[in-house]
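Undergrad: What follows is the residue order along each chain.
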Amino acid sequence: VRNGAVRLVGGGSSSGPARTFLPPGTSFATRGFDIMTSIANPETSMSGAAARPPSRSAAGFLGWLMSPERRGPLLITPALVVLFVVNIFPLMWSFGLSFFEYKANRIAAPVFKGLGNYEDVLTDPDIWERFQHTATIVVGSVAVQLVVGFLLALLFAQEFPLRRYLLMLVLAPMMLSLSAVGVFFKLFYDPTLGFISRFISLFTPETFVILSTPARATIAVVLADAWMWSPFVMLLVLAGLVSVPKYLYEAAEIDRAGWWRRFRTITFPYIRSLLLLALLFRTIETFKIFDVVYILTEGGPGSSTETVSVYVYRLAFQFFRTSVASALGYIMLFAVIVLTSLYLYAIQTRRAEA
Amino acid sequence: MEKAREVRAIGKAGWGRTLGAAIVSCIYFFPVFFILTTAFKTRPDALAMPIKFLFTPTLSNFYSVFFRADIQGSGTTDSGFGLYFFNSLFIGGTSVFLALVIGTAAAYGFSRFPLRGNDTYLFIILTTRMLPPIIAIIPIFVLFRVFGLSGSYTGIIALYTAFNLPFSIWMAKSFFDDLDRDIEDAARMDGSSEWSVFRKICLPQVYGGLAATFVFAVILTWNEFLFALMLTGTETRTVPVAIARTIGGQVGVDWGLLSAIETLFIIPVVIVTFVLQNQLLRGVTFGTIRK
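Protein chains in written order, with our numbering: chain A, 12 to 365; chain B, 28 to 318.
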């Protein structure tokens, strides 16, 4: 085993200098390949060294397990096992379930239904309505977050006294619990006690009751969600704003470029990719919105603020249409996977640009 | 990267900007401030028509978070919130610790010994975190019932370990990726074993980052609602679920009491936000965006 380790040292060190000369944008795949080849053919990198020692047969299973080739797999196996047992296996199980007729509160065995559940889901007008509610909330909330977050970032993009402390006040909402924010706003929208309802009643004679109209309830949900997550957008934009090299602005000053032109040609290119990332990330997260709606409106009035997540919850745990809920869940999952790949693609594009 | 020698464009501004930012920040923070103050108000003060900014603070709300007056009169009973706060901390701490140990090993593997299809593994791992929790909860709920795990510490800790694992892996990997590999290669050339390269060179450099990851993940778990709602019982209930039940149950909600619970619930989070300010961007984007 000892010899095996020494052999790897030889392989590792010889590939080291070669790796450091790779351009920073080089993907992991190529780096990995580089390491793999150097591990697989240690002799080639150790010119003139002693013949390959018979370590593999001598050390038995433990030696086989601890050999350099298995180092990567060995390190990630525990994580993959945990994820598989607790996360991926249940998901596959419910994926199977989505092709059956099954109710979690009945003893009856599942009956195979093929794509029937998916057909039911895609043709059900109720579900399309839930998708529309979700889309309205996503578009409204993400738009507000982008605008407010952007403006907040502009405000904090300079160094000034007490900046760190004021920044904390703005960033705090983002770290709060979604359910806590739901409770907050439930209190603020309280017709007699809530300060938002009382503020509104200064302008209109009637008191503000959150569940009185669908439009109000939707705006109320959007406001709560946007308040919580605008700091997220701000944080991303701020990272872009402070990364602009100073010499670009100095050059612009020499050229006497105006404010708008400086913003459009210097600042914006630096924050464009981050804005896109913020947009994608927030779209994914808001698409899943559950806690705030569940606590604030419970989907009401009627079903006007019921989002897809809340509806899946109802289907699964109130109507016990377990397999239909699974099918709808998988349609959601598909959407999230597409958005996540887009997000990671945007991340890589940004790295390549940097 | 040659970013280090570039001078950033962050300009200097004076107290004028501080004043403007202070006004905006205070407006933005007002909802939290409102909750914090309501927690210290007596019932008439909380209901006072123009919002009262000057009032005599009382701790009675905080007292009734933990002890509820008996209907018969004199005695008080435990409201259970002591247990719920303990549960939140215990479940969060244990599961994050487990996730971080397993996750750090995996992150080191992904970062230093990439496999064929490394990016695919990482993508699948991130997807398990991005997927709507409502999808995961349906089969888990059924399976937990079958194995008798619902309402037990084991079940919820196992679930939260898996829930925190993708986050830990991506965060830890981002810290490992940031390290300068020449030092490791130099150590290898001097004959240190792979284990001591990890233990003596890589790990000490990322301790700070791992600590930030730990605290971050504890907050995420502390805040989590849906899994806790479905899978905890009376003995293992966490604070968010207990809060939701407090509003759901009664006809008239005692907002002073609720604000006091919320205050105890969010104060640690606000403090931690301040401490972690420099790692916040990395944390909220699961390590995908560093700077």
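Errors might be hidden in some of the hints.
Here are a few chain B residues that sit away from chain A, every Cβ distance over 10 Å (derived from the structure) [claimed, not checked]:
| hint | residue |
| --- | --- |
| 1 | 42 |
| 2 | 61 |
| 3 | 73 |
| 4 | 86 |
| 5 | 87 |
| 6 | 121 |
| 7 | 140 |
| 8 | 166 |
| 9 | 168 |
| 10 | 178 |
| 11 | 180 |
| 12 | 221 |
| 13 | 228 |
| 14 | 230 |
| 15 | 250 |
| 16 | 300 |
Derived contacts from chain B toward chain A, CB cut-off under 7 Å, selection only [claimed, not checked]:
| hint | residue |
| --- | --- |
| 17 | 56 |
| 18 | 136 |
| 19 | 289 |
| 20 | 293 |
| 21 | 294 |
| 22 | 296 |
Hints listed in this document are in silico derivations from the structure and should not be mistaken for laboratory results. Quantities reported herein were computed from a predicted structural model and do not represent experimental measurements. Backbone N, C-alpha and C define an ideal beta-carbon position, used for all residues, glycine too.
Undergrad: Against each hint, give a clear statement of whether it holds in the structure.
TA: Do the hints match the structure? See the list:
With a closest Cβ-Cβ approach of about 6 Å to chain A, residue 42(B) is found to fall inside the 10 Å limit, against its non-interface label. Listed as a non-interface residue, residue 61(B) fails to keep its Cβ farther than 10 Å from every Cβ of chain A; the least gap is roughly 6 Å. Interface exclusion of residue 73(B) from chain A breaks down, the closest Cβ pair being 7 Å apart, not more than 10 Å. Residue-level check passed: residue 86(B) sits 20 Å from the nearest beta carbon of chain A, beyond 10 Å.
Residue 87(B), annotated as away from the interface, keeps every beta carbon of chain A farther than 10 Å; the closest lies near 18 Å. No Cβ of chain A approaches the Cβ of residue 121(B) within 10 Å, the least distance being about 14 Å, so the stated non-interface status holds. Interface exclusion of residue 140(B) from chain A breaks down, the closest Cβ pair being 3 Å apart, not more than 10 Å. Remark: the non-interface label on residue 166(B) conflicts with the geometry, its nearest Cβ contact in chain A lying 4 Å away (cut-off 10 Å).
Separation of residue 168(B) from chain A is inadequate, the least Cβ-Cβ distance of about 8 Å not exceeding the 10 Å criterion. The claim that residue 178(B) lies off the interface holds: its Cβ sits roughly 16 Å from the closest Cβ of chain A, which is beyond the 10 Å cut-off. Every beta carbon of chain A lies more than 10 Å from that of residue 180(B), the smallest distance being close to 15 Å; the non-interface claim holds. Not every Cβ of chain A is farther than 10 Å from the Cβ of residue 221(B); the closest lies at roughly 7 Å, contradicting the non-interface assignment.
No beta-carbon of chain A comes within 10 Å of the beta-carbon of residue 228(B); the shortest separation is about 13 Å. With a least beta-carbon separation of about 13 Å from chain A, residue 230(B) lies farther than 10 Å from that chain, consistent with its non-interface assignment. For residue 250(B), the shortest C-beta to C-beta distance to chain A comes to about 3 Å, within the 10 Å cut-off, and the non-interface label is violated. Non-interface status of residue 300(B) relative to chain A is broken: a Cβ of that chain comes within 10 Å, the nearest being about 5 Å off.
Given the 7 Å rule on beta carbons, the hint for residue 56(B) holds: about 4 Å separates it from the nearest Cβ of chain A. Nearest Cβ of chain A to the Cβ of residue 136(B): about 3 Å, under the 7 Å cut. The hint holds. Residue-level restraint check for residue 289(B) holds (minimum Cβ-Cβ distance to chain A is 6 Å; threshold 7 Å). Evaluation of the residue 293(B) hint against chain A yields a held restraint, the C-beta minimum of about 6 Å falling below 7 Å.
Below 7 Å, beta-carbon pairs count as interface contacts, and residue 294(B) has none with chain A, the closest being about 11 Å; its hint is therefore violated. With its C-beta approaching chain A no nearer than about 5 Å, residue 296(B) sits inside the 7 Å limit, and its interface hint holds.
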